[in-house]
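> As a plain string of letters, each chain reads:
2 protein chains.
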Amino acid sequence: MSIRIGILGYGNLGRGVECAVKQNSDMELAAVFTRRDPVQIKIRSAETPVYSIREITEHQNEIDVLIICGGSATDLPEQTPEYVNYFNVIDSFDTHAKIPEHFANVDKAAKQAGKIGIISVGWDPGMFSLNRVYAGAVLPEGASYTFWGKGVSQGHSDAIRRIAGVADARQYTIPVPAALEAVRNGENPQLTTRQKHTRDCYVVAQEGADLPRIEQEIKEMPNYFADYDTTVHFISQEELDKEHSGIPHGGFVIRSGNTGWDGEHQHVIEYSLKLDSNPEFTASVLAAYARAAYRMQKEGMSGCKTVLDVAPAYLCRQSGEELRRELL
Amino acid sequence: MSIRIGILGYGNLGRGVECAVKQNSDMELAAVFTRRDPVQIKIRSAETPVYSIREITEHQNEIDVLIICGGSATDLPEQTPEYVNYFNVIDSFDTHAKIPEHFANVDKAAKQAGKIGIISVGWDPGMFSLNRVYAGAVLPEGASYTFWGKGVSQGHSDAIRRIAGVADARQYTIPVPAALEAVRNGENPQLTTRQKHTRDCYVVAQEGADLPRIEQEIKEMPNYFADYDTTVHFISQEELDKEHSGIPHGGFVIRSGNTGWDGEHQHVIEYSLKLDSNPEFTASVLAAYARAAYRMQKEGMSGCKTVLDVAPAYLCRQSGEELRRELL
Numbered sequence: 011m012s013i014r015i016g017i018l019g020y021g022n023l024g025r026g027v028e029c030a031v032k033q034n035s036d037m038e039l040a041a042v043f044t045r046r047d048p049v050q051i052k053i054r055s056a057e058t059p060v061y062s063i064r065e066i067t068e069h070q071n072e073i074d075v076l077i078i079c080g081g082s083a084t085d086l087p088e089q090t091p092e093y094v095n096y097f098n099v100i101d102s103f104d105t106h107a108k109i110p111e112h113f114a115n116v117d118k119a120a121k122q123a124g125k126i127g128i129i130s131v132g133w134d135p136g137m138f139s140l141n142r143v144y145a146g147a148v149l150p151e152g153a154s155y156t157f158w159g160k161g162v163s164q165g166h167s168d169a170i171r172r173i174a175g176v177a178d179a180r181q182y183t184i185p186v187p188a189a190l191e192a193v194r195n196g197e198n199p200q201l202t203t204r205q206k207h208t209r210d211c212y213v214v215a216q217e218g219a220d221l222p223r224i225e226q227e228i229k230e231m232p233n234y235f236a237d238y239d240t241t242v243h244f245i246s247q248e249e250l251d252k253e254h255s256g257i258p259h260g261g262f263v264i265r266s267g268n269t270g271w272d273g274e275h276q277h278v279i280e281y282s283l284k285l286d287s288n289p290e291f292t293a294s295v296l297a298a299y300a301r302a303a304y305r306m307q308k309e310g311m312s313g314c315k316t317v318l319d320v321a322p323a324y325l326c327r328q329s330g331e332e333l334r335r336e337l338l
Numbered sequence: 011m012s013i014r015i016g017i018l019g020y021g022n023l024g025r026g027v028e029c030a031v032k033q034n035s036d037m038e039l040a041a042v043f044t045r046r047d048p049v050q051i052k053i054r055s056a057e058t059p060v061y062s063i064r065e066i067t068e069h070q071n072e073i074d075v076l077i078i079c080g081g082s083a084t085d086l087p088e089q090t091p092e093y094v095n096y097f098n099v100i101d102s103f104d105t106h107a108k109i110p111e112h113f114a115n116v117d118k119a120a121k122q123a124g125k126i127g128i129i130s131v132g133w134d135p136g137m138f139s140l141n142r143v144y145a146g147a148v149l150p151e152g153a154s155y156t157f158w159g160k161g162v163s164q165g166h167s168d169a170i171r172r173i174a175g176v177a178d179a180r181q182y183t184i185p186v187p188a189a190l191e192a193v194r195n196g197e198n199p200q201l202t203t204r205q206k207h208t209r210d211c212y213v214v215a216q217e218g219a220d221l222p223r224i225e226q227e228i229k230e231m232p233n234y235f236a237d238y239d240t241t242v243h244f245i246s247q248e249e250l251d252k253e254h255s256g257i258p259h260g261g262f263v264i265r266s267g268n269t270g271w272d273g274e275h276q277h278v279i280e281y282s283l284k285l286d287s288n289p290e291f292t293a294s295v296l297a298a299y300a301r302a303a304y305r306m307q308k309e310g311m312s313g314c315k316t317v318l319d320v321a322p323a324y325l326c327r328q329s330g331e332e333l334r335r336e337l338l
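Line by line, the protein sequences are chains P and V. Position one of the first sequence corresponds to residue 11 (our numbering), numbered consecutively onward. Position one of the second sequence corresponds to residue 11 (our numbering), numbered consecutively onward.
The set of hints was computed from the structure by calculation and includes no laboratory data. Just so you know, not all the hints are guaranteed correct.
Copies of the same chain are indistinguishable here, so a pair counts whether it falls within one copy or spans any two.
[Claimed, not checked] Here are the simulated DSS-like pairs of lysine-lysine, each with C-alpha atoms no more than 27 Å apart in a straight line:
1. K308 <-> K118
2. K108 <-> K118
3. K121 <-> K308
4. K252 <-> K229
Excised from the complex, chain P in its bound form (with noise of 0.2 Å):
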């Protein structure tokens, strides 16, 4: 029998959960959620009904783990501790900050449910902190580093577009390669944020618009900008829709450490990614852990769980058996 998956949400990550779906022969997409209009929501999967968020819990016993493709500012803090009442539930909250709190928010709701609610799950949090994990338990004498991109920061370009003059923008996370070079080569540098990435801007002006102006309010936002080496390149409209449409992303987890009697052996361990598509590989990796989700509460397992919790056979298709066989 299929694990039934539910979609909420129906954006690129709800889009990218739908093909990565598609991909595993032990799921069917049994519904998709929405709080638009369900009748104006046209979807790839040509069986699969789409329902309005408003009528989700009637559809309880038809979903076996519900895919929760919102925000993290606003929607996911409400919607998973809610519909974990109801559904195993997997997310992909990545406010660093407050995991704490929302891990404890799903906890209650989930254990007194009885189900299994997967918070944070993707690649940065997920894939990454799983490396930074076994890389630092592995190596408890040493330095991890994270590095972003080359990839588009979504944040970023929607600051951008905000200026006043702006028509689009697109923003590029690069690690600063040097940067990528001292680390790999064990050499643990002290990196500040400038250190460690730049930051290139693709920004559409509008007719007329100060560019000069627009340039200097980029580089000097707080947060954003002000602490990174960051360049401006204006273009037209039609080359950032033919050249910058795609949404790449990747990056490196790198720890280097030492072991011997006196730390006198060096190890490097590194974890990259090279992503073309950011929301359809965070969303890959959404359906890998609903198949744990699915597990685990089959084993009588509950409560709130990351991704530091699911032992990785539950992650795959095959049995125990095979994977020892063929992947250990």
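Got chain P sorted already, so can you dock chain V onto it with the hints?
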């Protein structure tokens, strides 16, 4: 209270575990067991007793986890199923083809004894297995590649040493750069054994030995060298001792895969290790999994496990709360 670690077998790996225990503040080395005369064994941990393997079961109550540091050919198939009757155990069994049989033997004994036995821990099998499994779960449509090196292969070095006229030898396994590059670029190449790795041999010949015959015997040795492009360098014992006395290793696990409704987006996941000391790094992984075995058994679990069955949080000194706050 510390986790009391026992080491069985004080060779390169056992000495590495001794160093690893020193780096983990929640562990202490309770005892070393040896098949040799314990009086002859000088260990670096001044306060730790060395006992004969014959009296190991008398020390059952002094050890929380026994790390078995024997060889996969003959030691571990006997020792791990035997000693899991008395201890939680960890081993680094790496004969891939015999893992299912070894798992079954350890599982049966461990379940009867109410102990945990984690087998095949290290980096391959071990950290590389984890990465094959995570990447395969996240990108179900794709191809995975494992490359080893640059590093010293003990088995291949030993095979050269068995040739008549060879005094000493060291063999390096090296990934072919062009193959690595093609895989990283997502080209999903079909690679023969010869296209993936080359073998580099440093050989000390006995005086008067027939060098061309030795070189030919190496290059034509079935399984070990015949399927590879092999280079043989004859050097002096002094040079071997000076330049090739380390035991470095490492390698790469790379998966490229596609997502999207029609597989239109490509992703590359890469994990790599660059290790100064193969046995010390392996030992560090064993120590982290010893912590997991200790905790899992405390929670009432028993039986044989592999790295695929262990949730990452069990490996870490930190609590779940600390991990979520600091590393997720």
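> Run every hint past the structure and note whether it holds.
Now for the hints, and whether the structure bears them out:
{"no.": "1", "hint": "K308 <-> K118", "verdict": "both (19 Å within a copy, 24 Å between copies)"}
{"no.": "2", "hint": "K108 <-> K118", "verdict": "within (16 Å within a copy, 44 Å between copies)"}
{"no.": "3", "hint": "K121 <-> K308", "verdict": "both (14 Å within a copy, 22 Å between copies)"}
{"no.": "4", "hint": "K252 <-> K229", "verdict": "within (25 Å within a copy, 54 Å between copies)"}
Of the numbered hints listed earlier, not one is contradicted by the structure.
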